[in-house]
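J.: Work out the full structure, taking the sequences as your base and the hints as a guide.
Protein chains: 2
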Amino acid sequence: MNIKKVNFNTSSTTFYFAAGIAHLKEFVDVQHAVMLVDEQVFNQHAKRFKGWKTIILKSGEQYKKQSTVDAIIKQLIELGADRKTILIGVGGGVATDVTGYIASIYMRGIKFGFIPATILGMVDASIGGKNGIDVGVYKNMVGTINQPSFILHDLALLNTLPEIEWQNGFAEIIKHACIKDAVMFRELEANSLKKYQSKKTLLCDLIQRNALIKTNVVIKDEFETGDRKLLNFGHTFGHAIENTYKLSHGYAVAVGMVMACMISEAYQGFKDTNRVVELIKKYGLPVHQSYNAKKVIDVMKADKKKVKDVISYVLLQKIGKAVVEPIAISEVENIITQLEAK
Amino acid sequence: MNIKKVNFNTSSTTFYFAAGIAHLKEFVDVQHAVMLVDEQVFNQHAKRFKGWKTIILKSGEQYKKQSTVDAIIKQLIELGADRKTILIGVGGGVATDVTGYIASIYMRGIKFGFIPATILGMVDASIGGKNGIDVGVYKNMVGTINQPSFILHDLALLNTLPEIEWQNGFAEIIKHACIKDAVMFRELEANSLKKYQSKKTLLCDLIQRNALIKTNVVIKDEFETGDRKLLNFGHTFGHAIENTYKLSHGYAVAVGMVMACMISEAYQGFKDTNRVVELIKKYGLPVHQSYNAKKVIDVMKADKKKVKDVISYVLLQKIGKAVVEPIAISEVENIITQLEAK
Numbered sequence: 000m001n002i003k004k005v006n007f008n009t010s011s012t013t014f015y016f017a018a019g020i021a022h023l024k025e026f027v028d029v030q031h032a033v034m035l036v037d038e039q040v041f042n043q044h045a046k047r048f049k050g051w052k053t054i055i056l057k058s059g060e061q062y063k064k065q066s067t068v069d070a071i072i073k074q075l076i077e078l079g080a081d082r083k084t085i086l087i088g089v090g091g092g093v094a095t096d097v098t099g100y101i102a103s104i105y106m107r108g109i110k111f112g113f114i115p116a117t118i119l120g121m122v123d124a125s126i127g128g129k130n131g132i133d134v135g136v137y138k139n140m141v142g143t144i145n146q147p148s149f150i151l152h153d154l155a156l157l158n159t160l161p162e163i164e165w166q167n168g169f170a171e172i173i174k175h176a177c178i179k180d181a182v183m184f185r186e187l188e189a190n191s192l193k194k195y196q197s198k199k200t201l202l203c204d205l206i207q208r209n210a211l212i213k214t215n216v217v218i219k220d221e222f223e224t225g226d227r228k229l230l231n232f233g234h235t236f237g238h239a240i241e242n243t244y245k246l247s248h249g250y251a252v253a254v255g256m257v258m259a260c261m262i263s264e265a266y267q268g269f270k271d272t273n274r275v276v277e278l279i280k281k282y283g284l285p286v287h288q289s290y291n292a293k294k295v296i297d298v299m300k301a302d303k304k305k306v307k308d309v310i311s312y313v314l315l316q317k318i319g320k321a322v323v324e325p326i327a328i329s330e331v332e333n334i335i336t337q338l339e340a341k
Numbered sequence: 000m001n002i003k004k005v006n007f008n009t010s011s012t013t014f015y016f017a018a019g020i021a022h023l024k025e026f027v028d029v030q031h032a033v034m035l036v037d038e039q040v041f042n043q044h045a046k047r048f049k050g051w052k053t054i055i056l057k058s059g060e061q062y063k064k065q066s067t068v069d070a071i072i073k074q075l076i077e078l079g080a081d082r083k084t085i086l087i088g089v090g091g092g093v094a095t096d097v098t099g100y101i102a103s104i105y106m107r108g109i110k111f112g113f114i115p116a117t118i119l120g121m122v123d124a125s126i127g128g129k130n131g132i133d134v135g136v137y138k139n140m141v142g143t144i145n146q147p148s149f150i151l152h153d154l155a156l157l158n159t160l161p162e163i164e165w166q167n168g169f170a171e172i173i174k175h176a177c178i179k180d181a182v183m184f185r186e187l188e189a190n191s192l193k194k195y196q197s198k199k200t201l202l203c204d205l206i207q208r209n210a211l212i213k214t215n216v217v218i219k220d221e222f223e224t225g226d227r228k229l230l231n232f233g234h235t236f237g238h239a240i241e242n243t244y245k246l247s248h249g250y251a252v253a254v255g256m257v258m259a260c261m262i263s264e265a266y267q268g269f270k271d272t273n274r275v276v277e278l279i280k281k282y283g284l285p286v287h288q289s290y291n292a293k294k295v296i297d298v299m300k301a302d303k304k305k306v307k308d309v310i311s312y313v314l315l316q317k318i319g320k321a322v323v324e325p326i327a328i329s330e331v332e333n334i335i336t337q338l339e340a341k
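Sequence lines, in order, name chains V and F.
Everything in the first sequence is counted per numbering that gives the first Met the number 0, starting at 0 for the first residue and increasing by one.
Everything in the second sequence is counted per numbering that gives the first Met the number 0, starting at 0 for the first residue and increasing by one.
Among these hints, one or two may not hold up.
If several chains are the same, the list does not tell them apart, and a pair holds so long as it fits within one copy or across any two.
Computed cross-link-like contacts, DMTMM-like style, restricted to lysine to aspartate or glutamate with a CA-CA straight-line distance of at most 20 Å [said to hold, decoys possible]:
no. : residue 1 : residue 2
1   : K110      : E221
2   : K57       : E188
3   : K317      : E339
4   : K83       : D308
5   : K307      : E77
6   : K303      : E162
7   : K303      : E77
8   : K300      : E77
9   : K219      : E277
10  : K294      : E264
11  : K307      : E264
Just so you know, the hints here were simulated from the structure itself, not pulled from any lab data.
T.: Written as structure tokens, this is what we have:
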């Protein structure tokens with residue numbers, strides 16, 4: 000186990016890397032804890048949750064919505080959860096987003112921690128305090144920013160992870176490489192998903208490295224006034240197609256990164272779109288999705304990153320170096336309409 | 000107009016006392032504002048809201064619930080509200096609680112301000128950053144603590160205030176006197192509701208004084224680990240009967256204060272229950288409500304102020320001096336069951 004405590008503006012989070020759920024009892028009082036566990040994770044690892052109060056969360060982004068929140072709050076009341084209760088979210092990004100959100104509003108805020116059970120969760124979704132739910136096709140339209148007390152990684156949970164979830168996780172790893180780490184980009188080019196799956200130490204190192212890339216960006220800019228926006232690379236277009244075309248998050252971001260690279264060529268003279276496309280393909284992710292430009296633009300117009308008629312688009316100058324470029328929504332509309340036919 | 004800026008832990012609120020809605024344009028950009036206005040206030044003062052984007056809120060505690068939040072969020076998306084939008088809640092405690100809550104979760108948090116349109120709102124509900132909604136009979140079960148950017152008092156809005164709402168507001172004023180201000184308690188004994196209604200300067204002074212009593216308690220203890228709990232005087236029992244017996248908030252608190260006085264006699268040797276009872280009666284408020292002890296205890300068991308099996312009960316040592324006494328829920332149950340028959 001590798002313990003690392005990081006400080007945010009008004010709170011701190013302790014990481015327990017390369018740990019196990021069994022370690023949890025060393026720092027959480029079982030009597031005061033309620034676990035919100037993703038259904039698939041619970042079914043595949045039921046033994047690990049013995050002795051803990053658990054509420055089962057249905058798996059999938061379609062359950063990241065208000066009716067799920069309503070149902071869980073009802074269960075928390077029935078369980079007698081009070082202000083001393085700590086909620087522990089176990090699962091992918093949906094489980095941790097929903098847990099963080101409920102803990103932030105239940106009785107005006109109680110403590111919470113995360114045990115991410117996917118690559119995506121470990122390197123991205125569990126980190127940074129953003130939580131929330133979708134409203135219709137609008138992703139994360141409602142939520143808060145509130146840091147978990149702890150994040151514990153149990154790599155044994157990855158043993159049952161489906162291939163598509165490995166791919167989803169690597170979409171965010173590739174994103175981190177694109178915006179912040181050219182060395183890691185080359186490492187990803189030299190390796191493969193199979194290699195990371197078979198070499199646990201290599202994987203463990205990659206996960207911890209990516210968790211800390213995201214953490215460091217967030218620490219510098221918790222409330223997303225500057226550098227944190229870079230983490231949205233691939234996400235503007237990605238979010239606009241994710242729910243509309245029922246893509247997994249990583250798939251949508253992969254397509255979004257390719258779109259952002261093409262826009263980067265025009266606005267920033269970016270020259271390595273092809274390397275990004277090849278790397279995305281190498282990790283089993285899609286580089287294209289047919290779409291209806293009008294539908295996509297309608298969702299983009301409601302994107303949280305849009306302020307009035309301008310979108311803060313994250314573009315690449317080169318691999319490892321990203322910038323935020325304000326682009327008028329009308330221009331984005333032109334680009335997306337032109338590319339629709341291709 | 001009397002401007003006063005107060006600082007909380009991580010934010011500040013500017014009070015505009017003795018002001019008017021017409022002043023709003025001096026510090027709020029109309030283009031970026033959406034007003035959430037209580038239906039009765041809007042109907043009675045429609046002219047004042049001309050030129051502002053408005054969403055109408057149905058009047059009454061029964062609308063302080065998730066389905067109202069869902070409907071407003073949908074309207075905000077349709078209006079194109081983004082992260083630069085400021086929400087302005089206009090009305091009583093329900094309007095400001097709902098507005099503060101929605102602003103705290105919409106797009107993970109946008110700015111908000113309040114124009115309380117009731118005495119209760121001006122002296123209590125709009126102040127301190129607590130917001131939220133009820134879940135079934137459980138009051139404020141869901142919410143956040145988040146301070147408004149501004150609070151503006153327009154006493155002209157009180158011209159149409161129904162008598163019961165004057166009484167509701169004075170319940171909290173009497174509460175402030177009981178826990179913090181023996182001088183004001185005597186002033187209230189010497190005056191009457193009619194006198195305050197007819198003498199605007201007397202009323203203006205009383206409202207500002209009470210707004211600052213509450214503000215000062217909150218500043219010292221924003222997240223309610225100590226002194227802020229005193230503001231719950233009359234509220235433990237009050238909240239337990241409010242929704243169950245469909246009482247107005249002030250009526251429930253008035254009955255709750257009498258209950259707290261009786262418990263104070265036993266636990267703190269308090270001797271002035273009769274003076275509190277007489278003052279409550281003088282301002283048109285009830286001092287008794289028939290109840291079913293089992294029902295009341297069930298709601299109390301889910302009260303946010305309960306931690307495990309102990310309730311932090313706010314009791315009086317004397318008029319103007321309150322203390323928090325931890326009482327086992329089983330003892331509270333005994334007392335309430337004994338008093339049920341009386």
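J.: For each hint, tell me whether it holds in the structure or not.
T.: Now for the hints, and whether the structure bears them out:
With identical chains, the CA atoms of K110 and E221 are at most 20 Å apart both within one copy (18 Å) and between copies (17 Å). Taking the closest pair of Cα atoms, K57 and E188 never come within 20 Å of each other, the shortest separation being 35 Å inside a single copy and 58 Å across copies. Proximity of K317 to E339 under the C-alpha cut-off of 20 Å is found in neither arrangement, the shortest distances being 25 Å within a copy and 75 Å between copies. Taking the shortest Cα distances, K83 and D308 sit within 20 Å of each other only across copies (12 Å), while inside one copy they are farther apart (44 Å).
Within a single copy, K307 and E77 get their C-alpha atoms only as close as 43 Å, which misses the 20 Å cut-off; across copies the closest is 14 Å, which meets it. Proximity of K303 and E162 under a CA criterion of 20 Å is satisfied in neither setting, with 31 Å inside one chain copy and 43 Å between copies. Taking identical chains as interchangeable, the C-alpha atoms of K303 and E77 lie at most 20 Å apart only when they sit on different chains, with a minimum of 13 Å there against 35 Å within one chain. With identical chains, the CA atoms of K300 and E77 are at most 20 Å apart between copies only, with a shortest distance of 11 Å across copies and 40 Å within one.
For the homomeric pair K219 and E277, neither the shortest alpha-carbon distance inside one copy (31 Å) nor that between copies (58 Å) is at most 20 Å. When the C-alpha separation of K294 and E264 is checked against a cutoff of 20 Å, the pair qualifies neither within a copy, at 24 Å, nor between copies, at 67 Å. For the identical chains of this complex, K307 and E264 are neighbours neither inside a copy (25 Å) nor across copies (60 Å), given an alpha-carbon limit of 20 Å.
Figure legend: structure checked against the earlier numbered hints; hints not met, in rising order: 2, 3, 6, 9, 10 and 11.
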